[in-house]
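Participant: All chains, full assembly: derive it from the sequences and hints.
Residue numbers (our numbering), protein chains in the order written: chain D, 1 to 113; chain F, 114 to 228.
Worth flagging that the hints you see were computed from the coordinates, not collected in a lab. Just so you know, even glycine gets a beta-carbon here, dropped at the ideal spot from N, CA and C. If a hint is listed, it holds; no wrong ones were tucked in.
Facing chain F, from chain D, some residues (calculated, C-beta under 8 angstroms):
id, residue
1, His-41
2, Gly-58
3, Gln-102
4, Tyr-103
Think about it this way: if two alpha-carbon atoms lie no more than 25 angstroms apart in a straight line, the pair counts; the simulated DSS-like pairs of lysine-lysine are:
id, chain 1, residue 1, chain 2, residue 2
5, F, Lys-215, F, Lys-171
6, D, Lys-53, F, Lys-215
7, F, Lys-215, D, Lys-57
Between beta-carbon pairs, the in silico distance windows are:
id, chain 1, residue 1, chain 2, residue 2, range
8, F, Pro-153, D, Thr-26, 19 to 27 angstroms
9, F, Gly-209, D, Ser-84, 24 to 32 angstroms
10, F, Ser-183, D, Ser-80, 47 to 55 angstroms
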Amino acid sequence: DAGITQSPRHKVTETGTPVTLRCHQTENHRYMYWYRQDPGHGLRLIHYSYGVKDTDKGEVSDGYSVSRSKTEDFLLTLESATSSQTSVYFCAIRPGQGHYEQYFGPGTRLTVT
Amino acid sequence: AQSVTQLGSHVSVSEGALVLLRCNYSSSVPPYLFWYVQYPNQGLQLLLKYTSAATLVKGINGFEAEFKKSETSFHLTKPSAHMSDAAEYFCAVSEGQGGSEKLVFGKGTKLTVNP
Numbered sequence: 001d002a003g004i005t006q007s008p009r010h011k012v013t014e015t016g017t018p019v020t021l022r023c024h025q026t027e028n029h030r031y032m033y034w035y036r037q038d039p040g041h042g043l044r045l046i047h048y049s050y051g052v053k054d055t056d057k058g059e060v061s062d063g064y065s066v067s068r069s070k071t072e073d074f075l076l077t078l079e080s081a082t083s084s085q086t087s088v089y090f091c092a093i094r095p096g097q098g099h100y101e102q103y104f105g106p107g108t109r110l111t112v113t
Numbered sequence: 114a115q116s117v118t119q120l121g122s123h124v125s126v127s128e129g130a131l132v133l134l135r136c137n138y139s140s141s142v143p144p145y146l147f148w149y150v151q152y153p154n155q156g157l158q159l160l161l162k163y164t165s166a167a168t169l170v171k172g173i174n175g176f177e178a179e180f181k182k183s184e185t186s187f188h189l190t191k192p193s194a195h196m197s198d199a200a201e202y203f204c205a206v207s208e209g210q211g212g213s214e215k216l217v218f219g220k221g222t223k224l225t226v227n228p
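Facilitator: Here it is as structure tokens:
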């Protein structure tokens, strides 16, 4: 257990509304990641963070923004949700320099109607 | 950019039979490789990792994987399948350096274990 929680765990929202997903970790890890998982696509990286206020884009960042104002929280925001953003979202942490594996949270299932 | 190919999106075996899940990678540098397992409605759990030490890597739940550089492969095996092994399995390769390390995942293989 890497001490990662995600909230909410399930959310249904309407097209055009803003949505923020939260990832919280308790072990002070520097590196955090947001992925989306869709059938037939595996996991695809949306954004990642390598420290407080240090973030970068991943493979599928369009339509998403992130913020990290403190070590323990990494927020993913959909400014104006679309049906194509219906997915399961996973947060992950990487323990740090010399470690390349990541540990995942339980996921958030988001449905955009 | 690195990439990972998992051959077979669905694999079905009988309980007690050998499990073999295939993973091939492309990497311009010596890779770090991983296998993850995902049970229904759960997050991903690290099964095992290769980080340039022994080429045969043992993981949890009796799984192991062998790194073969000449074949650019990192196949996952288990000698005898259990019903509890039914899950989706993902192979991943690390890319990037200097703080920008990321994982690139294959599309996954769903394992069914028949009684």
